[in-house]
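Engineer: Each chain is listed here by its residues.
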Amino acid sequence: MTSQSSPLSSLSGFYAAEWAGIGRQFANSGDGRAAVVARSSLVDAIVDQVYHHLISPERNAPLDLCLIALGGYGRRELFPHSDIDLLFLVADRPAETSHREAIAVMVRTLWDVGLRVGQSTRTISECSQLHRDNLEFNIAALDSRYLAGSPELFRRLRDDAIPHLVGRDRQDLVRNLADMTEQRHAKFGNTVFHLEPNLKEAPGGLRDYHVACWLTLISEIEKKGRSVAPEEHWPPALRAAADAAFTFLAATRCLLHYRYDRDDNLLTYELQDEAASSGIGSEPGRPLPTADWMRTYFRHARSVFQLTNRFLEEALPATSSLYGLFQKWRSRLSNADFSVLRGRIFPRQPSIVDDPALLLGLFELVARHGLELSREAERWVEECLPRAGAKAAGFPGLWPAFRRILNLPHAVEALRTMHRLGVLVVLFPEFAVIDCLVIRDYYHRYTVDEHTLTTLQSLQALGVLRRETGSGRPRQEEGGWERKLAEIYSELEQPELLSLYLLLHDVGKGMPVENHLAGSLDAEATVSKRLGLGAGDRETARFLIANHLEMSATLLRRDIFDSDTVRAFADKVGATERLKMLTLLTYADIKAVNPEALTPWKAEMLWRLYAQTTNYLTRGLDEERVHFGAENLAKVDEVRRLVSTSANAGGLGAFLEGFPKRYLETHSPEEIAAHFAMACQLVSAPVQVALRARERNFELTVLTADRPFLFASLTGTLAAWGMNILKADAFANRAGTVLDTFRFVDLHRTLELNPTEVDRFKTSVMDVLTGKVNLETLMSGRVNGQALARPKVPIPTQVRFDETSSSHSTLLELITHDRPGLLYQVSSVLANLECNIEVALIDTEGLKVIDVFYLTSRGSKLDSAKQDQVQAALLGRLSGDPA
Amino acid sequence: MTKLEAIIQPSRLDSVKEALREIGVTGMTVSEVRGHGRQKGHTEVYRGSEYTVDLLPKIKLEMVLPDGRVDAAIQSILKTAKTGKIGDGKIFLTKVDEAIRIRNEERGEAAL
Chain C
1 MTSQSSPLSS LSGFYAAEWA GIGRQFANSG DGRAAVVARS SLVDAIVDQV YHHLISPERN
61 APLDLCLIAL GGYGRRELFP HSDIDLLFLV ADRPAETSHR EAIAVMVRTL WDVGLRVGQS
121 TRTISECSQL HRDNLEFNIA ALDSRYLAGS PELFRRLRDD AIPHLVGRDR QDLVRNLADM
181 TEQRHAKFGN TVFHLEPNLK EAPGGLRDYH VACWLTLISE IEKKGRSVAP EEHWPPALRA
241 AADAAFTFLA ATRCLLHYRY DRDDNLLTYE LQDEAASSGI GSEPGRPLPT ADWMRTYFRH
301 ARSVFQLTNR FLEEALPATS SLYGLFQKWR SRLSNADFSV LRGRIFPRQP SIVDDPALLL
361 GLFELVARHG LELSREAERW VEECLPRAGA KAAGFPGLWP AFRRILNLPH AVEALRTMHR
421 LGVLVVLFPE FAVIDCLVIR DYYHRYTVDE HTLTTLQSLQ ALGVLRRETG SGRPRQEEGG
481 WERKLAEIYS ELEQPELLSL YLLLHDVGKG MPVENHLAGS LDAEATVSKR LGLGAGDRET
541 ARFLIANHLE MSATLLRRDI FDSDTVRAFA DKVGATERLK MLTLLTYADI KAVNPEALTP
601 WKAEMLWRLY AQTTNYLTRG LDEERVHFGA ENLAKVDEVR RLVSTSANAG GLGAFLEGFP
661 KRYLETHSPE EIAAHFAMAC QLVSAPVQVA LRARERNFEL TVLTADRPFL FASLTGTLAA
721 WGMNILKADA FANRAGTVLD TFRFVDLHRT LELNPTEVDR FKTSVMDVLT GKVNLETLMS
781 GRVNGQALAR PKVPIPTQVR FDETSSSHST LLELITHDRP GLLYQVSSVL ANLECNIEVA
841 LIDTEGLKVI DVFYLTSRGS KLDSAKQDQV QAALLGRLSG DPA
Chain Z
1 MTKLEAIIQP SRLDSVKEAL REIGVTGMTV SEVRGHGRQK GHTEVYRGSE YTVDLLPKIK
61 LEMVLPDGRV DAAIQSILKT AKTGKIGDGK IFLTKVDEAI RIRNEERGEA AL
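So the sequences go chain by chain: C and Z.
Per our numbering, the very first residue in the first sequence carries number 1; after that it's consecutive.
Per our numbering, the very first residue in the second sequence carries number 1; after that it's consecutive.
Fair warning: there could be bad hints in the mix.
Facing chain C, according to a computed beta carbon distance under 7 Å, are these residues of chain Z, among others [as the list claims (entries may be wrong)]: (1) Glu32; (2) Thr43; (3) Tyr46; (4) Ala99; (5) Arg101.
Here are the simulated DSS-like cross-link-like pairs (lysine-lysine), alpha carbons at most 30 Å apart as the crow flies [as the list claims (entries may be wrong)]: (6) Z:Lys60 - Z:Lys3; (7) C:Lys572 - Z:Lys85; (8) Z:Lys3 - Z:Lys82; (9) C:Lys391 - C:Lys661; (10) C:Lys866 - C:Lys762; (11) C:Lys572 - Z:Lys82; (12) Z:Lys3 - C:Lys187; (13) Z:Lys79 - Z:Lys95; (14) Z:Lys17 - C:Lys572; (15) Z:Lys17 - Z:Lys85; (16) C:Lys223 - C:Lys187; (17) Z:Lys60 - Z:Lys85.
Derived from the structure by calculation, the hints contain no laboratory data.
All values derive from a computational prediction rather than experimental measurement.
Every residue gets a Cβ at the ideal spot worked out from N, C-alpha and C, and that includes glycine.
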């Protein structure tokens, strides 16, 4: 403790005054680098004075003790409220004992002066050991700097102990740094795009910059046996970007320390405003809009983040021959355009090209295998982008290529790389408005573009979860909600469309519109047109974007166990495929707000709302019918417009009257108009058949008058041709016209490999329905269906009846395992028992079939005796080995 | 001082918070919980799989109030959380010995 008359008594006043002077200088200049160096020099002067007063008045003495600066102090990077890390290096244990009291007094004195001191005392031998429980000490020692005492001891530390440690334990040091960095990054969501980032700890912050320095130091010390200035060993381009980033971050951190008056590094909204208005980190005194200033921050953080990740990857060794084998395997992923070396992609032809297909092919490789781009590939992209990108907008192959990327296992990695290199905003200029966009919000943690990419990441994770858990029945258990959502994801017919909608759902937030939904819808319109999306897909896009907040609002603000709530929500959604997409969009959107946003509680509520709405949509189908003219349906107006030139346009109302509303929800206006045109032909040809090849299956549409055994006949015909039915809808209007739609897989590729068989197939359907061909005869010569795989988890056949969901039909729900000809067997049983199928919804989930039939018998619901008959017949028919 | 604990339906949270805010109660802790009273559970079927809904999602509000404000808070909650159906929830009151504000170590009602 200093006495009033001691030379040290004025030190605290001196320190305070000089510290304030540094603060004033910083306020004028905004120069963070100068401020941290100035404080380091100030502390040097104080430490020197205290040391020589209390421990040794002689320079370079005592010979068995050396005072060393570590960490930030060692780097001469003392921020206004950073701690001072001191190492008292002693020659041996007796020296430690002899100096212990003096060291304690010195440290207390420094605290009295106003410095927060962290201190350790070590021998040389201890400094050359790896401290597994305190690796931070080993890392801090890399930045050691001589302050006072024995130069020889310092030399032994710098030239012997540390190089010896690094030479022997380099892998452990690097692995530890990597682990600590990985944990720190994970704590911050592995993204730089935080709305209120922690300047020191967040990805892309100062700690990442130091990690890059340490990795270089370790590498150089190992090679040369001595310490170096790490930045001087970085490639010039990387160094320039890193220098600029450090200048910016240092200035900003100084501001934070002065404002908080403590070592607090959170860049709050208020401090962002102040930094922007002062031009901190860029041009002091030149104010910037806060959004622009934050974009500068993100740019710098991104370059630091990439620098650190790159150095980590290069530093981490191939730990085993197995890893080497893995890397060699990855080399086999090379193709004609790109080679893969050590897990990175290189262009084979590095010359500049203007072919968008080649550019997209590069990212398809990333998306397929999760590879990273080499520096050469990144440079190639940057150089090709102006020309190839200009052509991409009108490139007809843009959507096919982009959708392939979206469907691949590492799609998000590809999208992030595309975004980082500026490719995404060239392909989708609509996305540019949300690049690094900060929207201040209590709940959202990330910038809008990062939020969007994080939603896609959540979807991708569901795909991974689904692949890992395999198929099987969902089990009721705590925390199983994500597994259930993963099952929904696997059922989507076009998951890439959901990904595309997610990419666009928030772009409106970057537009000068009052309601961001309107802006996002405008963006969707231009993108959909450019990509050539079909009308049905566009309609779904518009619905999802316009209503993407609806489900979360319902589950948080309405009583989801109230049937009125479910009904209202179901009415809004209209169809199960849309419901699945909206559920997954809601899940991904909430999860991307911040890491804690989607609690298990919320996930459960989301799942329950989904399940109840699905049940309502499936079971309430019969009640909700189209009454042409009684309701104002926008879709009907569009259909009316499409058929207006037809001579039969006046018959549209009669055609639509009585169909379940689901029919309108699940078909685009163009499809409905086409069905109407088919219906108009029934007068001359009583069975109308249309067959369409889709990407993964075929779609058969049949229009004809209702009659007994109709559904059985159709399903039997498909079974006879060896087709496996995935989904089917069977609807009837009031006039008794049946519209049946089947999606099926051509197991034997008959139609695909033999185009002439397409017409023969259609004719076969017509012939069976018109009675020209006997179904039994057709089935006797049928193609033996491939046996489907045995389900890993047995799926016992279940038959349930529901009397309450419909006022005039009995609902039958059948769950069983899929097998060839199943639907024919079921519909035959129903037909033989005189059950009329009013509505049928057929669906499969992997090997599990979920069929819902709305049945009547002689115009009424099924009585209990009939239900028992049906149940017994179905169970009897369907029990037994599926193979 | 009295601690007021209210278990309410999640859909009533916004209304209850607003009503409490109007009478000057702004400090509270909100938790997502599950539970049931007499409403117990029921079984639902989704695509052939049964699942039991026995613990229903609820919201728990906790606040410590000066004794003089407790009745007003209770009335606000009753008015806005009630739907009249089973499952509306409950309010519990317990006496609090002391309250301390961490920032400046204020004690008693001044800390509320």
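Engineer: Determine for every hint whether it applies to the structure shown.
Structural biologist: A quick look at each hint next to the structure:
A hinted interface residue such as Z:Glu32 counts as satisfied when its beta carbon comes closer than 7 Å to some beta carbon of chain C; here the least separation is about 4 Å, so the hint holds. Given hint, Z:Thr43 at the interface with chain C, is violated; its Cβ is 10 Å from that chain's nearest Cβ, farther than 7 Å. For Z:Tyr46, the interface hint holds, since its Cβ comes within 7 Å of a Cβ in chain C; the closest pair sits about 4 Å apart. A least Cβ separation of about 26 Å between Z:Ala99 and chain C goes past the 7 Å threshold, and the interface hint is therefore violated.
About 20 Å separates the beta-carbon of Z:Arg101 from the nearest beta-carbon of chain C, more than 7 Å, and the hint is not met. The straight-line distance between the Cα atoms of Z:Lys60 and Z:Lys3 is roughly 13 Å, inside the 30 Å bound, and the hint therefore holds. For the suggested pair C:Lys572 and Z:Lys85, the alpha carbons sit about 25 Å apart, so the restraint of at most 30 Å is met. Restraint check: the Cα-Cα separation between Z:Lys3 and Z:Lys82 comes to about 20 Å, which is no more than 30 Å; the hinted pair holds.
For the proposed pair C:Lys391 and C:Lys661, the alpha carbon gap of about 43 Å is over 30 Å, so the pair is violated. Using a Cα cut-off of 30 Å, the hinted pair C:Lys866 and C:Lys762 is violated, with the two alpha carbons roughly 35 Å apart. For the suggested pair C:Lys572 and Z:Lys82, the alpha carbons sit about 27 Å apart, so the restraint of at most 30 Å is met. Straight-line distance between C-alpha atoms of Z:Lys3 and C:Lys187 comes to about 34 Å, which puts the hinted pair past the 30 Å bound.
For the suggested pair Z:Lys79 and Z:Lys95, the alpha carbons sit about 23 Å apart, so the restraint of at most 30 Å is met. Distance check on the hinted pair: Z:Lys17 and C:Lys572 sit about 28 Å apart at the alpha-carbon level, within 30 Å; holds. Distance hint between Z:Lys17 and Z:Lys85 is fulfilled; the C-alpha atoms sit about 20 Å from each other, no more than 30 Å. A hinted pair counts as satisfied when its Cα atoms are at most 30 Å apart, and C:Lys223 with C:Lys187 does not qualify at roughly 33 Å.
For the hint pairing Z:Lys60 with Z:Lys85, the CA-to-CA distance comes to about 18 Å; that is within 30 Å, so the pair holds.
Comparing the model with each numbered hint stated earlier shows that hints 2, 4, 5, 9, 10, 12, 16 do not hold.
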